[in-house]
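Trainee: The residues making up each chain are set out below.
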Amino acid sequence: MSESHAALAHQFDDPQQQAEAVTLGIWAFLITEVLFFGGLFTGYAGYRANYPQAFAEASHHLDILLGGINTMVLISSSLTMALAVHAAQSGKRQALVAFLLATIFLGVVFLGIKVIEYGHKFEDHLVPGRAFTFPGPHAQQVQLFFSFYFAMTGMHALHMIIGIAILSVLVVRAWRNRFSAAYYAPVEVTGVYWHFVDIVWIFLFPLLYLIGRH
Amino acid sequence: MSHPMVSPKLYFLVFATLMILTGVTVGAAYLDLGPLNTVVALTIAGCKTLLVILYFMHVRYSSRLTWVFAGVGFLWLAILIAFTMSDMRTRSWQPAPRGWTATSFSSPPGQEGTPNREVSEGRSP
Chain A
1 MSESHAALAH QFDDPQQQAE AVTLGIWAFL ITEVLFFGGL FTGYAGYRAN
51 YPQAFAEASH HLDILLGGIN TMVLISSSLT MALAVHAAQS GKRQALVAFL
101 LATIFLGVVF LGIKVIEYGH KFEDHLVPGR AFTFPGPHAQ QVQLFFSFYF
151 AMTGMHALHM IIGIAILSVL VVRAWRNRFS AAYYAPVEVT GVYWHFVDIV
201 WIFLFPLLYL IGRH
Chain P
1 MSHPMVSPKL YFLVFATLMI LTGVTVGAAY LDLGPLNTVV ALTIAGCKTL
51 LVILYFMHVR YSSRLTWVFA GVGFLWLAIL IAFTMSDMRT RSWQPAPRGW
101 TATSFSSPPG QEGTPNREVS EGRSP
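Residue numbers (our numbering), protein chains in the order written: chain A, 1 to 214; chain P, 1 to 125.
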């Protein structure tokens, strides 16, 4: 971390081995993440199988337009992240900073839209708890759906916030020229994490927003 | 480093495909395919995931060991879902008694509508 070209940590034989270890490290972390979100998805699957009607009814109260825009925003942020990694590999400092900033910007846009959506849910009394009201016989099950909605999108948003914090650190380090074509592992690894968060949303969007639309 | 550079052109191609698939998944949601709606949605999401993992996350250009690491998470996830669902969907659910003081399974008026009573909502009669 001292100088930009002290690229090889002393415990590794060569840069190749170091890169391999870094990649395996982030994937080992992502395995735990897959199973963490997997627990939420499993719970969702079980209760949706029990209450298909209620889950479809509840899904109609999510904003498909805002959800769709957010999906495109997040995919775009994955593109800028991939281009940031490419800029880092090519040793282009300005492009790296620009693409990292673009990724942060898109991440913030996503969270902003999420805040608007959450606001609507509060106004419509769809937040689980005492104020929750829903007409019809399935109120309890609809509340269960919204518990899953807030738990899953909330955990996803938390991962976005952490990602944005990491990206901000990367921007500062990139600006100070700490990365080079020989050493850009932090950018690469953050990219892998960011794309994983994108994948979680790729499943959340159809499973929460798009049930029973026909 | 170990990862060969992926050309930006390929990134844009993957990006365009992901965008198109997003449109397809929204469109498919408005078609009435019965239970196939969920299958289609999950298949499209799976394809998008594969594209992101292979190209954006560079797994396609990584070592075999990375392939294994990337794969096992999803393997265990499949086990988690398969075993949980096989239990939930094949278990004979009994309506819960209304507390320990209940003398019969017929709940007194005013206590209807708690989640336990609705367990069988989605089942075939």
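Just so you know, the hints here were simulated from the structure itself, not pulled from any lab data.
Every residue, glycine too, gets a C-beta built ideally from N, C-alpha and C.
Any given hint might turn out to be false.
Covered stretches of chain P (chain A as the covering partner; in silico rule of three or more C-beta atoms under 8 angstroms from a C-beta of chain A) [what the hints assert, rightly or not]: (1) 20-33; (2) 49-58; (3) 66-76; (4) 79-92.
With the C-beta cut set under 7 angstroms, the calculated list includes, among others, these residues of chain P facing chain A [to be verified]: (5) Tyr11; (6) Pro95; (7) Ala96.
For each label pair, taking beta carbons as the anchor points, the in silico distance ranges come out as [unchecked claim]: (8) A:Trp175 - P:Asp87: 48 to 56 angstroms; (9) P:Ser86 - A:Val169: 26 to 34 angstroms; (10) A:Arg176 - P:Asp87: 51 to 59 angstroms; (11) A:Phe29 - P:Val24: 55 to 63 angstroms; (12) A:Ala9 - P:Asp87: 42 to 50 angstroms; (13) A:Gln11 - P:Thr43: 39 to 47 angstroms.
Trainee: Hint compliance check: list the failing hint numbers for this structure, sorted ascending.
Mentor: Violated hints: 6, 7, 9, 11; rest satisfied.
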